[in-house]
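Line by line, the protein sequences are chains A and B. Following our numbering, the numbering of the first sequence begins with 1 at its first residue and continues without gaps. Following our numbering, the numbering of the second sequence begins with 1001 at its first residue and continues without gaps.
Note that these hints are calculated values from the structure, not bench results. As the structure is a prediction and not an experimental result, all values here were calculated from the model. Note that the Cβ used here is the ideal one computed from N, Cα and C, for glycine as well. There may be inaccurate statements among the hints.
[As the list claims (entries may be wrong)] Quick partial rundown of chain A residues pointing at chain B, CB under 10 Å, derived from the structure:
1. A24
2. L146
3. D147
4. S184
5. S191
6. N192
[To be verified] Some chain A residues well away from chain B (every beta-carbon gap over 10 Å; in silico):
7. V23
8. G37
9. G74
10. S114
11. S136
12. H145
[What the hints assert, rightly or not] Among chain B residues calculated to face chain A with C-beta under 7 Å, some are:
13. P1019
14. P1027
15. V1034
16. S1087
17. L1092
18. R1119
19. F1121
20. I1129
21. V1178
22. P1200
23. L1210
24. I1212
25. S1214
26. Y1216
There are 2 protein chains.
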Amino acid sequence: MARSNPPANSGPDAASSVPGATVARLPLYHQALVELGRDGETTVSSERLAELAGVNAAKVRKDLSYLGSYGTRGVGYDIDFLTKQVSRTLGLTADSAVVIVGFGNLGQALARYSGFAERGFPIAAIVDIDQSKVGSTIEDLPVQHLDDLPAIVAEHGIAVGVIATPLSAAQNAADALVAAGVQSILSFAPSNLDIPDSVPWRKVDLATELQILSFYQSRGGTLSHPA
Amino acid sequence: MARSNPPANSGPDAASSVPGATVARLPLYHQALVELGRDGETTVSSERLAELAGVNAAKVRKDLSYLGSYGTRGVGYDIDFLTKQVSRTLGLTADSAVVIVGFGNLGQALARYSGFAERGFPIAAIVDIDQSKVGSTIEDLPVQHLDDLPAIVAEHGIAVGVIATPLSAAQNAADALVAAGVQSILSFAPSNLDIPDSVPWRKVDLATELQILSFYQSRGGTLSHPA
DNA sequence: TAGATTGTTAATCGATTAACAATC
DNA sequence: TAGATTGTTAATCGATTAACAATC
């Protein structure tokens, strides 16, 4: 654990193990740092960063310590430098193209949503299994057929697949994305998926979020912001 | 901790403390149970439920034990009965009306998305602060003004506010929702919000999900499905 | 009875936090 | 030097899991 100033491992970092809970918070810090940078700030303390991220200061320091020793005692963290380190740790060094699978309600909604592109995840393609939907366009993007996924992924260098199909089609979509060679998958279907260990994936279920809130709401709201 | 068979507390349950990690998984079990019910199954083992939810069987039994002693040794869990218990614990006994704040890209997307209503959270109203947007309709719903929120919430008995504004307007939206009397808040803005402890809230940031995936992707994908 | 499966225990593991020495 | 703030330690807390007695 001995770590001197910046000697050997200031480069791509002594990678390996960042705890899962820390990884999940790095995007929070990243977001706060970007905002501070926009505001013209140059340094930030763990105290301030914690306030912006909605966590406690000890946690911020502990989390950041997994990336390296990038603060200055008595001063704080250099915002530009730390932003770069967090970006690098998260692998956000370049944009990652996204393909949306499923041109139903949710797929169309996501296609119109500009939030992905704004944060470095441009939507490069949309596919559906339904021939009657293929050929229509949305936001200048043509809807293509699921069968063409391997070619589409290769052509655009697509890294991420987003599953926006009905529940019944989600596993098939996952299989197609894996076969086409995407490197990770985000699913909006409320079911578990069978995906090889080599492809990290996550699930976002909007109704689940509301159901969790429902629990805390029904208990008089003693606990705020249950993470 | 002593809990005998079903004597005193089989009713609204010895409420109090269900661990946060368990609460976050109850919607997973709920979803799996609903699907099993649709398939005509009548009982399920912790093993099978675990498989469907993507967790391990010991965790399922431990989680369910916080709700009460609702299984039968040697047999498993009655699906109908357990579904009701999980619903009751989550406070899903009746539909909860939702208001969407922000009629931009994301707000319109959510308004078109039917997934909320299908899971018991019908969208009852949409508001925006921009007068030029007020009066348009989407999916038969009129866009109303943010200033009318208190009346709208009261009239429709709205329980949940969904923040779909730009980052810069999110805190103002939160303040308005709290003042209007919603009971919980789901925010899509990638920032921390200052909300009283009496109103539970959660944040869903789609780009954050992709950034977390980016980390695991860049590490060779050793870890699958990082929760 | 034999087989199956729960509910609970206890060990382990990982995450959180306060505190403080190091050091700018 | 005095004040501020990091990086790390160590204690605590909560979550996970295997194992198994209880019991259908």
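Here is how each hint holds up against the structure:
Interface hint at A24 of chain A: satisfied, since its Cβ lies 6 Å from the closest Cβ of chain B, which is below the 10 Å cut-off. This hint is violated: L146 of chain A has a C-beta 21 Å from the nearest C-beta of chain B, more than the 10 Å allowed. Taking 10 Å as the C-beta cut-off, the interface hint given for D147 of chain A is violated, the closest approach to chain B being about 25 Å. Given the 10 Å rule on beta carbons, the hint for S184 of chain A holds: about 4 Å separates it from the nearest Cβ of chain B.
Annotation: S191 of chain A was flagged as interfacial toward chain B, and the flag holds, the nearest CB pair being 7 Å apart, inside 10 Å. Annotation: N192 of chain A was flagged as interfacial toward chain B, and the flag holds, the nearest CB pair being 4 Å apart, inside 10 Å. Its closest Cβ contact with chain B, about 5 Å, brings V23 of chain A to no more than 10 Å, contrary to its assignment away from the interface. Against chain B, the non-interface label of G37 of chain A holds: every CB pair exceeds 10 Å, the least being about 14 Å.
Every CB of chain B is more than 10 Å from the CB of G74 of chain A (nearest about 26 Å), matching its label as outside the interface. Once the 10 Å rule is applied to beta carbons, S114 of chain A is inconsistent with being away from chain B; the minimum gap is 5 Å. Non-interface call for S136 of chain A relative to chain B: holds, since the shortest CB-CB distance, roughly 16 Å, exceeds 10 Å. Non-interface status of H145 of chain A relative to chain B is upheld: no Cβ of that chain comes within 10 Å, the nearest being about 23 Å off.
The interface hint given for P1019 of chain B is broken, as the beta carbon of that residue sits about 11 Å from the closest beta carbon of chain A, more than 7 Å. Evaluation of the P1027 of chain B hint against chain A yields a held restraint, the C-beta minimum of about 4 Å falling below 7 Å. A distance limit of 7 Å between C-beta atoms decides the matter here; for V1034 of chain B the minimum to chain A is near 10 Å, and the interface restraint is violated. For S1087 of chain B, the suggested interface contact is broken, since its CB lies about 9 Å from the closest CB of chain A, more than 7 Å.
With 7 Å as the threshold, the beta carbon of L1092 of chain B comes within range of chain A, its nearest partner Cβ sitting at about 6 Å, so the hint holds. With its C-beta approaching chain A no nearer than about 4 Å, R1119 of chain B sits inside the 7 Å limit, and its interface hint holds. Checking F1121 of chain B against chain A by beta carbon gives a least distance of about 5 Å; that is within 7 Å, so the hint holds. Given hint, I1129 of chain B at the interface with chain A, is violated; its Cβ is 19 Å from that chain's nearest Cβ, farther than 7 Å.
For V1178 of chain B, the suggested interface contact is broken, since its CB lies about 11 Å from the closest CB of chain A, more than 7 Å. Checking P1200 of chain B against chain A by beta carbon gives a least distance of about 4 Å; that is within 7 Å, so the hint holds. Against a cut-off of 7 Å between C-beta atoms, the interface hint on L1210 of chain B holds, since the closest Cβ of chain A lies about 5 Å away. Taken as an interface hint, I1212 of chain B checks out: its beta carbon lies about 6 Å from the nearest beta carbon of chain A, inside 7 Å.
Annotation: S1214 of chain B was flagged as interfacial toward chain A, and the flag holds, the nearest CB pair being 4 Å apart, inside 7 Å. Annotation: interface hint on Y1216 of chain B holds; nearest CB of chain A at approximately 4 Å, less than 7 Å.
Hint compliance for this structure: hints 2, 3, 7, 10, 13, 15, 16, 20, 21 are not met, and every other hint is.
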